[in-house]
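There are 2 protein chains.
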Amino acid sequence: MRKLRIGLAQINTTVGDFSGNLEKMLRAVAEARSMGVDLITFPELAICGYPPEDLLFKPRFIDENLKYLDRLVEGSSGISIIVGFIHSKEDIYNAAALIHDGKLAAVYKKMYLPNYGVFDENRYFQAGDQCPVYVIGGVGIGITICEDLWYEAGPATVQAYAGAEVIVNISASPYHMGKGNFRERMIGIRASDNLTIIAYNNLVGGQDELVFDGNSLILDEHGTVIARGKQFEEDMIIADLDIESVFRSRLHDPRWRKETLLRGSESRYESKQFISEKFSDAPKPPLSAAQSKVRVLPGEVYHALVLGTHDYVIKNEFQKVVIGLSGGVDSSIVATIAVDALGADNVIGVSMPSRFTSEENKTDAKLLADNLGIKLLTIPIENAYTSYLDSLADTFTGTSLNSTEENIQARIRGNFLMALSNKFGWLVLTTGNKSEYATGYTTLYGDMAGGFAVIKDVPKTLVYEVAKYRNDLAGKSLIPDSVLTKEPSAELRPNQRDVDSLPPYAVLDPILTAYVEQDKSIEQIIDMGFPEDAVKRAARLVDTSEYKRRQSPPGIKITSRAFGRDRRLPLTSRFRGQ
Amino acid sequence: MRKLRIGLAQINTTVGDFSGNLEKMLRAVAEARSMGVDLITFPELAICGYPPEDLLFKPRFIDENLKYLDRLVEGSSGISIIVGFIHSKEDIYNAAALIHDGKLAAVYKKMYLPNYGVFDENRYFQAGDQCPVYVIGGVGIGITICEDLWYEAGPATVQAYAGAEVIVNISASPYHMGKGNFRERMIGIRASDNLTIIAYNNLVGGQDELVFDGNSLILDEHGTVIARGKQFEEDMIIADLDIESVFRSRLHDPRWRKETLLRGSESRYESKQFISEKFSDAPKPPLSAAQSKVRVLPGEVYHALVLGTHDYVIKNEFQKVVIGLSGGVDSSIVATIAVDALGADNVIGVSMPSRFTSEENKTDAKLLADNLGIKLLTIPIENAYTSYLDSLADTFTGTSLNSTEENIQARIRGNFLMALSNKFGWLVLTTGNKSEYATGYTTLYGDMAGGFAVIKDVPKTLVYEVAKYRNDLAGKSLIPDSVLTKEPSAELRPNQRDVDSLPPYAVLDPILTAYVEQDKSIEQIIDMGFPEDAVKRAARLVDTSEYKRRQSPPGIKITSRAFGRDRRLPLTSRFRGQ
Chain B
1294 MRKLRIGLAQ
1304 INTTVGDFSG
1314 NLEKMLRAVA
1324 EARSMGVDLI
1334 TFPELAICGY
1344 PPEDLLFKPR
1354 FIDENLKYLD
1364 RLVEGSSGIS
1374 IIVGFIHSKE
1384 DIYNAAALIH
1394 DGKLAAVYKK
1404 MYLPNYGVFD
1414 ENRYFQAGDQ
1424 CPVYVIGGVG
1434 IGITICEDLW
1444 YEAGPATVQA
1454 YAGAEVIVNI
1464 SASPYHMGKG
1474 NFRERMIGIR
1484 ASDNLTIIAY
1494 NNLVGGQDEL
1504 VFDGNSLILD
1514 EHGTVIARGK
1524 QFEEDMIIAD
1534 LDIESVFRSR
1544 LHDPRWRKET
1554 LLRGSESRYE
1564 SKQFISEKFS
1574 DAPKPPLSAA
1584 QSKVRVLPGE
1594 VYHALVLGTH
1604 DYVIKNEFQK
1614 VVIGLSGGVD
1624 SSIVATIAVD
1634 ALGADNVIGV
1644 SMPSRFTSEE
1654 NKTDAKLLAD
1664 NLGIKLLTIP
1674 IENAYTSYLD
1684 SLADTFTGTS
1694 LNSTEENIQA
1704 RIRGNFLMAL
1714 SNKFGWLVLT
1724 TGNKSEYATG
1734 YTTLYGDMAG
1744 GFAVIKDVPK
1754 TLVYEVAKYR
1764 NDLAGKSLIP
1774 DSVLTKEPSA
1784 ELRPNQRDVD
1794 SLPPYAVLDP
1804 ILTAYVEQDK
1814 SIEQIIDMGF
1824 PEDAVKRAAR
1834 LVDTSEYKRR
1844 QSPPGIKITS
1854 RAFGRDRRLP
1864 LTSRFRGQ
Chain G
1294 MRKLRIGLAQ
1304 INTTVGDFSG
1314 NLEKMLRAVA
1324 EARSMGVDLI
1334 TFPELAICGY
1344 PPEDLLFKPR
1354 FIDENLKYLD
1364 RLVEGSSGIS
1374 IIVGFIHSKE
1384 DIYNAAALIH
1394 DGKLAAVYKK
1404 MYLPNYGVFD
1414 ENRYFQAGDQ
1424 CPVYVIGGVG
1434 IGITICEDLW
1444 YEAGPATVQA
1454 YAGAEVIVNI
1464 SASPYHMGKG
1474 NFRERMIGIR
1484 ASDNLTIIAY
1494 NNLVGGQDEL
1504 VFDGNSLILD
1514 EHGTVIARGK
1524 QFEEDMIIAD
1534 LDIESVFRSR
1544 LHDPRWRKET
1554 LLRGSESRYE
1564 SKQFISEKFS
1574 DAPKPPLSAA
1584 QSKVRVLPGE
1594 VYHALVLGTH
1604 DYVIKNEFQK
1614 VVIGLSGGVD
1624 SSIVATIAVD
1634 ALGADNVIGV
1644 SMPSRFTSEE
1654 NKTDAKLLAD
1664 NLGIKLLTIP
1674 IENAYTSYLD
1684 SLADTFTGTS
1694 LNSTEENIQA
1704 RIRGNFLMAL
1714 SNKFGWLVLT
1724 TGNKSEYATG
1734 YTTLYGDMAG
1744 GFAVIKDVPK
1754 TLVYEVAKYR
1764 NDLAGKSLIP
1774 DSVLTKEPSA
1784 ELRPNQRDVD
1794 SLPPYAVLDP
1804 ILTAYVEQDK
1814 SIEQIIDMGF
1824 PEDAVKRAAR
1834 LVDTSEYKRR
1844 QSPPGIKITS
1854 RAFGRDRRLP
1864 LTSRFRGQ
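Heads up: the sequence lines are chains B and G, in that order.
Each residue of the first sequence is one higher than the last, beginning at 1294 in the working numbering.
Each residue of the second sequence is one higher than the last, beginning at 1294 in the working numbering.
To be clear, the hints were calculated from the coordinates, so they are not data collected in a lab.
From the three backbone atoms N, C-alpha and C, an ideal C-beta is built for every residue, glycine too.
Treat the hints loosely; a few may be bogus.
Stated by the list, open to error - Covered stretches of chain G (in silico footprint by chain B; criterion: 3 or more residues with CB under 8 Å from a CB of chain B, positions within the stretch not fixed):
1) 1693–1701
2) 1753–1765
Said to hold, decoys possible - Within a straight-line C-alpha distance of at most 20 Å, the following computed SDA-like cross-link-like pairs (lysine to any residue) qualify:
3) K1351/B with T1837/G
4) K1351/G with E1324/B
5) K1841/B with R1869/G
6) K1351/B with T1778/G
7) K1351/G with L1862/B
8) K1716/G with T1692/B
9) K1351/B with A1686/G
10) K1716/B with R1858/G
11) K1829/G with E1324/B
12) K1716/B with P1352/G
13) K1716/G with L1694/B
14) K1360/G with L1694/B
15) K1841/B with T1692/G
16) K1716/G with R1869/B
17) K1360/B with F1689/G
18) K1577/B with K1351/B
19) K1613/G with T1688/B
20) K1668/B with P1352/G
21) K1351/B with I1607/G
22) K1351/G with Q1811/B
23) K1351/B with P1352/G
24) K1829/B with P1352/G
25) K1716/G with S1838/B
26) K1716/B with R1867/G
27) K1716/G with E1324/B
28) K1659/G with S1814/B
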């Protein structure tokens, strides 16, 4: 019976860390070898990390990548490897190396280059135009890279009808909420449509605004998941693939021959490329249930935020972070995420009360810090605020208090946090949520000041859900109950409430989703049943606060469209809320 | 004798300002009609403004564009028009409408979509695949859009060999220093290679980080410029094209027939499309020399900065700007540019001295403000600075003074400027130069705070050149001589000099150009003759200050690669200075 033992190394690479990435790969190869794995795969561009963006314009970056690919080839005795790298020949390609027993056997070049959303691959790469089937150990294997698999009748289909029994897809597919489920359905259909086993090896880890969620999958030719990698963690997934079953299924399927006939004429594949007669002869230890696993994780947004925060901080060589704690839900959840990502010793909270800060909020900030076991500094802003008002008194003569004075308070807090960052080397985590970034209900250089905006893509209503999830996980009120129940306020003037400036979040958030993520028009959103004034106000606020977002820190994408590279609007535009 | 009177309307459009753009076009059409123009052209995407970026994902934006195209068609009686718009059919295209006497006669779709540098056109548009020749009034006319003309043997060549005597190119080609000359050489070669007249209609105006420089050109079939539009200003260029001369030249050129034979088989053009028998019968007034002009302007960088500043401020509906004046060259040139762009009444200078500010600098700031005739506010930062030090004293116990305290001073100044902005609605212009942005020799939320960074892409050495140019233009020291001769200093600690932290600018700037704009490796730059330690230090500073630039205000691109969308580097990267 023809079998293939495959290993998917779901590793967390770092852009530009060639030696670190290689080290991880060599460790995974050693582990796979000890498990009798025939073929081990690594994610898209695993050699150099993904996405390298304009580093791809640096010839030395390409060179390093080739040098480290050679080292992986040297370490491949007795095993086959598929790994993503930058292929360089006249132009550059997003490519997969097929390595077999100490030799670079073949190079597959990605055919479908994504150039939408956060992706700019046409900016860098030429597309490949061939998708051969590689025969290793008598098994027909098709290699595809990420986007290639998302097109019906793409390379995987061509390869399947040309004899591939296993399609390997190496990916760097960024997370957004619910994408794992969608991806799994899509891959399942590709497998059953083409009666082929699919081994989908996704990247895991944070890279600037993106989190790659892992969630690697192996599906049989009926589209049934037979093994699954962890979400948001490194993992090695090993499974024995039943190749004969693919052959049997094809014999039984009435669609198969007709399709073969239909598609034969337009196939873009080259002739089969013979790589080796068999896989390694090394004996195979038995495979435990734990290594071939099916698992579903709840609260994926929370864990995406933890991973994204951890990786941004650590990959950028920070150890500690500092967070302004107001007693509100946003700063509370950010501090909690930071503690889960970095440990309580590496998180410093700062309470910066003003004349407008309520006792309740001071107490809640203190209680949260106690619950999390983090250090809490207290630096009142009153003196600085007074000195600003004094310094500006002459110039402001005859004007009345307005958002100017509110912004000054927020900016003093931003300055204190940045001063702590500068003095002690702590990264400032900012605490604004997506509803605030969308509407500009936030102060540039004030509460927006910092290196990383953890919940920038999390709407306020979802912030509450995530906080409740985390409390449930703890089995206690890690985030104090009063934080979750009190009315949201910026506390920059007496008795201020968010609802004085914004529609209630339960109304605002779905409007923002429709307007920002789905490009619906004002009219269409009103037709969905939302109040006209709320829709118009929200759209106007979104349109006119683009300049703030342009200068905002990076944050973690968790929705289908985040602010940042995912959404590129001009600052100068007369097109308003339509 | 076959003649065609053509008018190139070099207009300044605004993104999303459909009615404003239409109004400009109808005025130009009226002027052209009165001058007996047969064919008037407008820039790329003139209907909606360029570049619309992700506004293209909004169906209402596409709809408005089509509605306003219809209005232009309605206003086209007795004349032919070529205008850029978004064509929508199944997908969207960057297109040119050929309008003739009240009817939309044809649509050309851009074939080459730029997706490099600042361009993302593959993100939005499908490419066209046909380049017909249109026959109007017996003249064969080929339409191309911007990038189409930059490829040898592109659509213009196909059209020429298929009978086009005039190639119209409608463009939105962004300025960088010297690009006008390069462009003119390129277009000249296209004209003479294809023995065709080229009418190149470029956009003029600022849009966020881009300045479109106008510089429209009409060249005869030998590549000689016969008319030229102004640089950095709106203009209407009218010329009589000698079509018979094209025919005569082709008869005489030995390359012509051979090439026709060679290329005939691979042409992608459709059959000729007959639009009309003749141009309008309206009588033509004589054309004065002033309307058909050749002009060269010096100091183009200065004028690019003035236009870019004017358009960013005005198109975003600000009236006044505020600038922190330190007495240094950067803030002095920014204030001067602002005055030229907006008028002295609309520029407010702010002197914000500290204990470290020299008398010389205070005097120079005052002198500059007097020279420019602008209001100067003085707001010392001493009290606020002291209050910060007091508030942080406990937390900072046991630490020594370092850049933290320097940054606090810069951030207080940033806060004061933002407070003035918030209170009075003045836009803050920031004053950092490219050498500072490159090396991170600038304070995030401090001197980087503001809405628009006028000289962000101007290296320090060029800042001095531009300042001298402006003084020469004035015929006096508008910018005080001492500003141009004193040693650069941030004045954030006693006796501070830029050369304590950076290589001298005369050494630093060419290193930065090689590293940032040309992607040269450290080794290659050292081989160019620069000191190893300076090169390594500069490269390290560039690599490690990406996070500051990511949060920087937009500024005007004047080099071949500006920071911003032109250069997209990851924040998280272990690839360092190679």
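Results for each hint:
| no. | hint | result |
| --- | --- | --- |
| 1 | 1693–1701 | holds (count 5) |
| 2 | 1753–1765 | violated (count 0) |
| 3 | K1351/B with T1837/G | holds (16 Å) |
| 4 | K1351/G with E1324/B | violated (50 Å) |
| 5 | K1841/B with R1869/G | violated (30 Å) |
| 6 | K1351/B with T1778/G | violated (37 Å) |
| 7 | K1351/G with L1862/B | holds (11 Å) |
| 8 | K1716/G with T1692/B | holds (8 Å) |
| 9 | K1351/B with A1686/G | violated (46 Å) |
| 10 | K1716/B with R1858/G | violated (31 Å) |
| 11 | K1829/G with E1324/B | violated (39 Å) |
| 12 | K1716/B with P1352/G | violated (49 Å) |
| 13 | K1716/G with L1694/B | holds (9 Å) |
| 14 | K1360/G with L1694/B | violated (45 Å) |
| 15 | K1841/B with T1692/G | violated (34 Å) |
| 16 | K1716/G with R1869/B | violated (24 Å) |
| 17 | K1360/B with F1689/G | violated (47 Å) |
| 18 | K1577/B with K1351/B | violated (43 Å) |
| 19 | K1613/G with T1688/B | holds (16 Å) |
| 20 | K1668/B with P1352/G | violated (51 Å) |
| 21 | K1351/B with I1607/G | violated (38 Å) |
| 22 | K1351/G with Q1811/B | holds (9 Å) |
| 23 | K1351/B with P1352/G | violated (38 Å) |
| 24 | K1829/B with P1352/G | holds (17 Å) |
| 25 | K1716/G with S1838/B | holds (17 Å) |
| 26 | K1716/B with R1867/G | violated (24 Å) |
| 27 | K1716/G with E1324/B | violated (64 Å) |
| 28 | K1659/G with S1814/B | violated (51 Å) |
Taken one by one, the earlier hints fail for this structure at numbers 2, 4, 5, 6, 9, 10, 11, 12, 14, 15, 16, 17, 18, 20, 21, 23, 26, 27, 28, listed in ascending order.
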